[in-house]
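Chain by chain, the residues run as shown.
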Amino acid sequence: MIDTTSQDPAVAIEEPAGRRADLAPPLSTPLGTLPRLLVLFLVAGLIVVPLLATAVGGFKELGELRTNPFGLPKVWQWQNYWGILETARYWRILGNSLFIASMTVALTLAVAAPAAFAFAHLRFFGHRFLFNYLILGLTFPFATAILPLFIKIRDLGLLDTHWGVILPQVAFSQAVSILLLRNAFRQLPGELLESALVDGCGYIRFFLWITLPLSRPILATVAVISFVVSWNNFLLPLVVLNTPARYPWTLGLMDYQGEFMVAWQLILAFITLTILPAMIMFVLAQKHLVAGLTAGAVKG
Amino acid sequence: MAETTSFPATRHGGPRGGGLLTALIFLPPALTFFTVFVILPIGEAAWYGFFNWNGLNLLENFVGFENYVQLVGNKVFSRAFVNNLLIIAISLSIQLPLALAMAVLLADRLFGAVGFRMLFFLPYILADVAAGLIWRFMFDGDYGLISQIAQGIGFAPLHLLADRDWAYVAVLTVIVWKYFGFHMMLYVAGLQSIDRHLYEAAAIDGASSWQRFRFITIPGLAPMIRLSVFFSLLGSLQFFDMIVALTGGGPLNTTHTMVSFLYYFGIGRMRVGFGSAVGVVLFILCATVAFSYKRLFMRDD
Amino acid sequence: MTKKALAGAGLVLALAMGPALAEDVTVNLLHVNQTGDPFWKQIAENYNASHPGVKVVVDYLENEAYKAKLPTLLQSDDRPDIIYSWAGGVMKAQIEAGYIEDISAHKADFEQTIYGAPLNAYVVDGKLYGVSIQLSEVLMIYNKDLMAKAGVDAASMQTWDGFLDGVKKIKAAGITPLIMGGGDKWPVHFLWSYLLMRQGGADVLLNAEAKPDGFKAQAFIDAGNRLKELAALEPFQDGWLGTKYLPSQGLFGDGKGAIAIQLNGFIQGQQKNATDGKGIANEQIGLAPFPSLPGGIGKVSDTLGGLQGFLVTKGAPKEAIDFLKFFATAEQQKAAAEAGVYVPAIKGTDAFIKNPLVAEVAQSIANSTWHQNFLDQELGPSVGRVVNDISVAIAAGDMTPEEGAGQVQVAWDQQ
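Protein chains in written order, with our numbering: chain A, 545 to 844; chain B, 169 to 469; chain C, 101 to 515.
In isolation and in its complexed conformation, chain A is listed as follows (with noise of 0.2 Å):
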């Protein structure tokens, strides 16, 4: 369900790495294979005919909509997205969507690594409570907070501006992200920090060196969840902002909607396009997931 301290989806996108799926016979199911292909066809087509109705529902008239609701339009309105793609407007909530999802991950990498590390391998006093304390984020709803975190954001003057989403962002996120590179972290071999220690090597100097360059894989996956919980966030950027020129593209899609409220086409076409950097990340992380987590697997 949603949870913006997500699992680590990647793992099931990946293909199993070679050696068990050789050995195994297909994992034994009731069905035959023809009854199988029928259900997955149907659930397919649950999912595609929702989305293929709005993209092409862009291109018809509104009247259109009502005549001809199932089949392709008479006459492609290609300004209904033309439209859309030569306004400002467009470009610039998908520019503020990439600047505080980018701002975000950069920010929330460099603040949860060290943080990680230190957990990872450092012993001080109060460690462990510490780390409680910060895994207990993983559970504090984001709606909680939402009204004093406005008024604070406000006192701080950063009512309207980007980092006013940015910075609570990087903060909900630190949880996951410091568990899941902690825990990377510590399965690097441990030799190899007791060697650049007794060398002389600082903690710091091994972090920059040894352990972020080895740690890409996990760093690839936190900055993917961050991204997409950034990408996707609604409800902060809502409380947060105010003036068109700063939503990011979850706002400009309902601001859109509210202007053009009895043009379906023209929201159909917005939906259409404003989900669509989306989709084409979604294909192209898959590969650079799948990449980095088989690299992973190989040197693990």
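Honestly, the hints are just simulated from the structure, not real lab data.
Possibly wrong hints are sitting among the right ones.
Facing chain B, according to a computed beta carbon distance under 10 Å, are these residues of chain A, among others [stated by the list, open to error]: (1) L609; (2) P613; (3) L616; (4) L666; (5) K696.
In silico EDC-like cross-links for lysine to aspartate or glutamate, where the CA-CA straight-line distance does not exceed 20 Å [what the hints assert, rightly or not]: (6) K372/C / E608/A; (7) K155/C / D177/C; (8) K372/C / D310/B; (9) K618/A / D376/C; (10) K356/C / E608/A; (11) K169/C / D699/A; (12) K328/C / D331/B; (13) K696/A / E212/B; (14) K243/B / E503/C; (15) K316/C / E503/C; (16) K696/A / D177/C; (17) K243/B / E502/C; (18) K378/C / E605/A; (19) K696/A / D178/C; (20) K141/C / E803/A.
Even glycine gets a Cβ: it sits at the ideal position worked out from N, Cα and C.
Once you've looked at the hints, dock chains B and C against the given chain A.
Relative to chain A, chains B and C alone:
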């Protein structure tokens, strides 16, 4: 997640001073962010909850537990609470089993399995608001496909989202549509980690497909299922974005969740004290669910 | 295609870096008048052309979205300099919170160009905080063709019993009697408000606010009962609970219903938002006052409507006030008056009103014996919302009139 192997702590502490200095540099940023933007606001929410405050004037109208009393008596909130429970119920009874079924169908190397998996996962990556709007269109009484299909069969146009009995059913449908793929992926990962030899051995011993499923698959998937349910529970309590996009709280406030209630009735009406009380209730629920679930079902992390 | 993408990317970069610092003073104005928007943007352009060094930017936001955003909007440092207002309790709350600029120093100037009574709505404790720009009235707007088809004469619907009869007849003819944007809630509260006014008369609200349990007075219960009575006839279109305001205009414009009890702005709105973009032509539209209630104290000439205008927010540049002075002149309002998109509260604009419907409305407001501001604005932000909620609930049969009145009382007491 499995318990990580941790090195013996004694093996590396290094020169005491170096470790401490590093810790002092590495930890404060994360802790500061976390404390300022997560912990403090939650504490403040508890504080504000005792006041009748619009967020603008001075914080001076202390009303004790009255916000909470109002909350208990508030019909819309009660309905919102029930709605959250319904999400959990539907998730456990429909969504997760559906995800499991799909995972079972797709875990092995059926040609195109990866394609199907990606497709089923696709709704999950869409933002809730986008999915909500897409389905708002689908359910629209005049232009939506659902209504058109009904009209094709001979019914009058269906205004599901305007119907106080059916609007939430529509919402629940969209939730299942959007999230089953995520859980499916968890189960696929879990399925792929079950040792195939167990199945071979069982088959040799004459176990039926159903028996293999019940005694190998399910137990093997148990950690994943527990995790999946955990996320499902916590996520259900925080539902908001899709409500705004689909119904805005729905006809006659029948499709609110606790968070949308907080937004519309707390923030929207500038009743910060009241809204904070809602937030605190939400927090207590989440914390209770998280901790009791962990203790009862998950001894690992 | 690539060129456009590059341009787009460049735009993204430029905008992400932050706006180029202009030397001009910028004045931001935010409002909700969809049909007035192009005219107001034109006035801004006129001003910008004749006032180098100042840039007035006019932005439109949909009604409900505006109301939802406004509380947080006001708290930001980047709040608009001029905001749209319906006066009343909501305005008072904004003033009390310290977000509105006192512009009493300019009162004399504005009194030259704006009618006294509407301008007074923006005076609180003797101080002027904003200016009234447009007047509006809620009345019975009907589609002449559809009424004729149903064989109903609008004149017969001037009494409550006649109104109910008319509704039944229209429904029997297979036409939706009342188009209602229940999804936004506030359109429904017009019905409740008018029923309250007709039943209780001009003092009904003053009494309610003054006395303990004043909102549970009999007039309120009666109003609720009348609403229930009407709703029992199922006069609204299918799915009305989900229909928002703008789509409801579209439905009327598509000829899907005979009557809308709505603001005069609805007339232009339904033309704009109809599927064919043309809607019902002015000649096909009839106007009538809200029916009278038997035994009610209120008069048929009492009108429910708005005294909409602008407020200046704290910290706005003085050019904002200057712009308002420019805005509130007959000359600048001429185009809007001629197009009939709203009734200006500016002196001298009567002569420009060409649209006979708008002229009718202007006349009606001028002759009004009691012009009551929208209740969901008048009563303040949180009570107003409750009034909207209970109106919908009573109309949907989900709540008794007693419960509804009780909830309003509770909300009033809790403020």
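**OP:** Decide if the proposed pair is consistent with the structure: K372/C and E608/A, CA atoms, cutoff 20 Å inclusive.
**Re:** Status holds; Cα separation ~18 Å.
Subject >> Restraint outcome when L666/A is required to lie within 10 Å of chain B by C-beta distance >> reply: L666/A check passes; min Cβ-Cβ to chain B is 5 Å, inside 10 Å.
Original post:
Taking 20 Å as the top limit, are the C-alpha atoms of K169/C and D699/A close enough?
Top reply: holds, 18 Å
Subject >> Given hint E803/A paired with K141/C - CA-CA distance at most 20 Å >> reply: holds, 16 Å
Original post:
Is the hinted pair K316/C and E503/C satisfied, with a Cα-Cα distance of at most 20 Å?
Top reply: holds, 9 Å
Subject >> Satisfaction of hint between D178/C and K696/A, Cα-Cα up to 20 Å >> reply: Holds, because 17 Å separates the two Cα atoms, which is no more than 20 Å.
Original post:
Can the restraint linking K328/C and D331/B be considered satisfied, given a maximum Cα separation of 20 Å?
Top reply: Holds, at roughly 19 Å.
Original post:
Would the hint on L616/A stand, with a C-beta cut-off of 10 Å toward chain B?
Top reply: L616/A check fails; min Cβ-Cβ to chain B is 14 Å, beyond 10 Å.
Original post:
If you draw a straight line from the CA of K696/A to the CA of E212/B, is it 20 Å or shorter?
Top reply: Distance of about 10 Å is within 20 Å: holds.
**OP:** For the pair we were handed, K243/B and E502/C, check the Cα-Cα distance against 20 Å.
**Re:** Holds, at about 16 Å.
Original post:
Taking only the CA atoms, is the gap from K372/C to D310/B under or equal to 20 Å?
Top reply: Distance ~18 Å between K372/C and D310/B Cα, so the pair holds.
**OP:** Given the hint that K356/C pairs with E608/A, test it: the Cα-Cα distance must not exceed 20 Å.
**Re:** Roughly 18 Å separates the two Cα atoms, so the pair holds.
Of the numbered hints listed earlier, the single one contradicted by the structure is hint 3.
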